[in-house]
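J.: Starting from the structure of chain A, add chain B where the hints point.
Chains A and B supply the protein sequences, listed in that same order.
The numbers in the numbering used here rise by one with no breaks, and the one at position 134 of the first sequence is 134.
If you count the second sequence from 1, you need to add 203 to reach the numbering used here.
Calculated directly from the structure, the hints in this document are not laboratory data.
Be aware that a few hints might be false.
Unchecked claim - Cβ pair distances, simulated, as ranges: (1) B:265 x A:190: 40 to 48 Å; (2) B:342 x A:193: 50 to 58 Å; (3) B:488 x A:193: 50 to 58 Å; (4) A:187 x B:465: 31 to 39 Å; (5) B:491 x A:65: 30 to 38 Å; (6) B:342 x A:49: 50 to 58 Å; (7) B:491 x A:161: 44 to 52 Å; (8) A:21 x B:418: 44 to 52 Å; (9) B:485 x A:138: 38 to 46 Å.
Beta carbons: idealized from backbone N, C-alpha and C, even for Gly.
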Amino acid sequence: MNKKVLTTPIKDEDLEDLRVGDVVYLTGHIVTCRDVAHRRLIELKRELPVDLKGGAIFHAGPIVRKLDNGKFEMVSIGPTTSMRMEKFEREFIEQTGVKLIVGKGGMGPLTEEGCKKHKAVHAIFPGGCAVLAATQVEEIERAEWQDLGMPETLWVNRVKELGPLIISIDTQGNNLIEKNKSEFNAKKGPILEKIYSQVSFIK
Amino acid sequence: MEKQAAVQSLTDTMAKFTAYIGKHLPTDVEKKLAELRAKETKPLAKAIYLSMAENQEAANRLDRPSCQDTGVIQYFVTAGARFPLLGELGEILEEATREATRTAPLRHNAVETFVEKNTGTNTGTKVPWLDWDIVPDDDGVTIDVYMAGGGCTLPGSATVLMPGQGYEGVAEFVFNVISSRGVNACPPLLVGVGVSTAVETAARLSKKALMRPVGSHNADPNAAKMETLLEDGLNEMGIGPQGLTGTNSVMGVNIESSARHPSTIGVAVNTGCWAHRRGRIRISADLSYEILTHEGAKL
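Just chain B, with the same shape it has in the complex:
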């Protein structure tokens, strides 16, 4: 394939995939919501779960974004160093965002700061936001597309604890964020927690944690135990769908971590709303692709 044709082909795939993510929830999220709905006993909470299911059905039938807030588009790129279009990928994703904005259509969500003007294209300075990981011996690329609305972006918080506050301080921080601000962020939430050195490292990990499947666990046994403790504890609060109280509160808690400075514990919380619109696509060197998050997806 000529390079220009290859760029066009990948742009087309990513535009279609981006639009698709706004209209369909990933399979793990759908399953979890069905499970939470089945466990729910409060009448008002059950009615909300019914509205959610009706909404997803209507979005599918009418081919429309299921939530009006299609977010600032974020791409988490895990790129093989030998992927043929590595150098072009940034521009491809920007063009794919413009194209998806027109065709889906997506809401215009890029406001240039200080100028305070909506660009109308979902592109702008450093938007779409790109996050890069480079894999040495690989010629493909894996891309997570994420659309976080303003509602579930607002609770985001990070701080740096003193080691004396320990993991007890981490738990307290998570609970404070969710009980005070998570209520407005369209629960049941997927809670992403980053444990690291500083605010920016913890914050990045907390967002990466939201890319992990619902129900998956951190490889470290202590971190996995903490995921379960936080999930069970938050559920015990009974926040329910939309904060209207119910049998559960969250879809899960995912923790990602790095080694830390001995003097600090950086901790961050990011929340994904019930309409957790993220999708993972694996693209090979020949630009054939496989969608990993949505069973039966067709672009």
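This is chain A alone, in the form it adopts within the complex:
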């Protein structure tokens, strides 16, 4: 099976046939962008120091080492919990024109709406696989908003075949993790009923 590789800048037509559960890889640029960067853009109305039109963001706070020549080395970079950015993401997509949001776990109805309206996708990189991802970073080209500290700095990474990226919200607004969660919740009741009858320890 051929690897499906997205390349930045990403166009609407690159994403239109992707559906939740599909696996893709990314070549080009991806910028780390998490809690405070979202808050600064949306709530504090500060302009982002990077152009994300057609671009990709990574909900991630990496470990980075500063080298003697002033460059930065990516040591370890994995996704953080995307749901923390749910509150901001719809507006973030609208304002920046970002096309690919990479993170961990699901996101909610606001992001679904943003993805559907502005033709963007959310994808899951396997959580905890941070050295795997670091080996797919060719270079940290820039570091913006370094005042935020190592986890929150906007690290501009050039990557080669970053992945696997599992599409979790597609351009039609389908949401893989929400669908999975409703399946888990549907199973919960009957399973608990079986357990209840065996844990009546208070007699």
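T.: Only chain B this time, still in chain A's reference frame:
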């Protein structure tokens, strides 16, 4: 050994051990993940398990923290009352954290609250977080190092049930936490449950439960039975690795408990992600040490 040299020696050991824990999973967790991977049948879930294994191999080969989120460092100290450096141990662990942060390197994860500034050292007010148990007739110390990332810290929940809700209420609470919030916490999870009187006692026990080996059981037969029932029940939900569905959901459920007030059942849930980075080291009075959680570990 002069006291100063002894302090330096133990600081060095603990810094190296702390850095090591960020890069290598304990043997019990590695074995459990291999077992879950072998049992998995769904193609996407199998691909995720493969990525996990590749990641751990790369972390080992490149000598790097396997997950970028190396947590707020926690030390669970079980100290003999006659351990020679008992009074110095707190400062030693703080310095070890600073040193490991530089050398590993670890991510800077200590943000001073209200000031809202990252200290850049992984130390700060009450950080590293120390938990103490004192053992009367002992001259050594056993220390658990734990690195919990934000992801598997987020589901943490505690509540106080009325006795009428019983252990049925405990089971329901555990399932609600895992099905709603555990999905984002990098499953397959190790689930720690505390059953006690109040939120803080249950919460501490739920974290201590995560220090117990995967596959171990509570000494009480009813508690052990409940561990198995919850583990089997959660697995039946089929959460799979990363919540992408699969044959299983968890690495296990560990319950720790205390006696309780007759009017309350305090219950708490803490989750450990698949990259459950904890390690136990036993240090003798002469500062020689043995690593108990990682077979073949060398500092």
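J.: Next, verify each hint and record whether it holds.
T.: Each hint, compared with the structure:
1. Under the hint 40 to 48 Å, the C-beta atoms of residue 265 (chain B) and residue 190 (chain A), about 46 Å apart, fit the expected range.
2. For residue 342 (chain B) and residue 193 (chain A), the Cβ-Cβ distance of about 52 Å falls inside the hinted range of 50 to 58 Å, so the restraint holds.
3. Under the hint 50 to 58 Å, the C-beta atoms of residue 488 (chain B) and residue 193 (chain A), about 54 Å apart, fit the expected range.
4. Residue 187 (chain A) and residue 465 (chain B) have their C-beta atoms about 34 Å apart, which keeps the hinted 31 to 39 Å range intact.
5. For residue 491 (chain B) and residue 65 (chain A), the Cβ-Cβ distance of about 32 Å falls inside the hinted range of 30 to 38 Å, so the restraint holds.
6. A hinted range of 50 to 58 Å holds for the C-beta pair residue 342 (chain B) and residue 49 (chain A), which are about 56 Å apart.
7. Distance hint check: the CB atoms of residue 491 (chain B) and residue 161 (chain A) are about 47 Å apart, consistent with the given range 44 to 52 Å.
8. For residue 21 (chain A) and residue 418 (chain B), the hinted distance range of 44 to 52 Å is not satisfied, since their beta carbons lie about 32 Å from each other.
9. For the hinted restraint 38 to 46 Å between residue 485 (chain B) and residue 138 (chain A), the CB-CB distance of approximately 43 Å keeps it satisfied.
In the structure shown, a violation is registered for the earlier hint numbered 8 alone.
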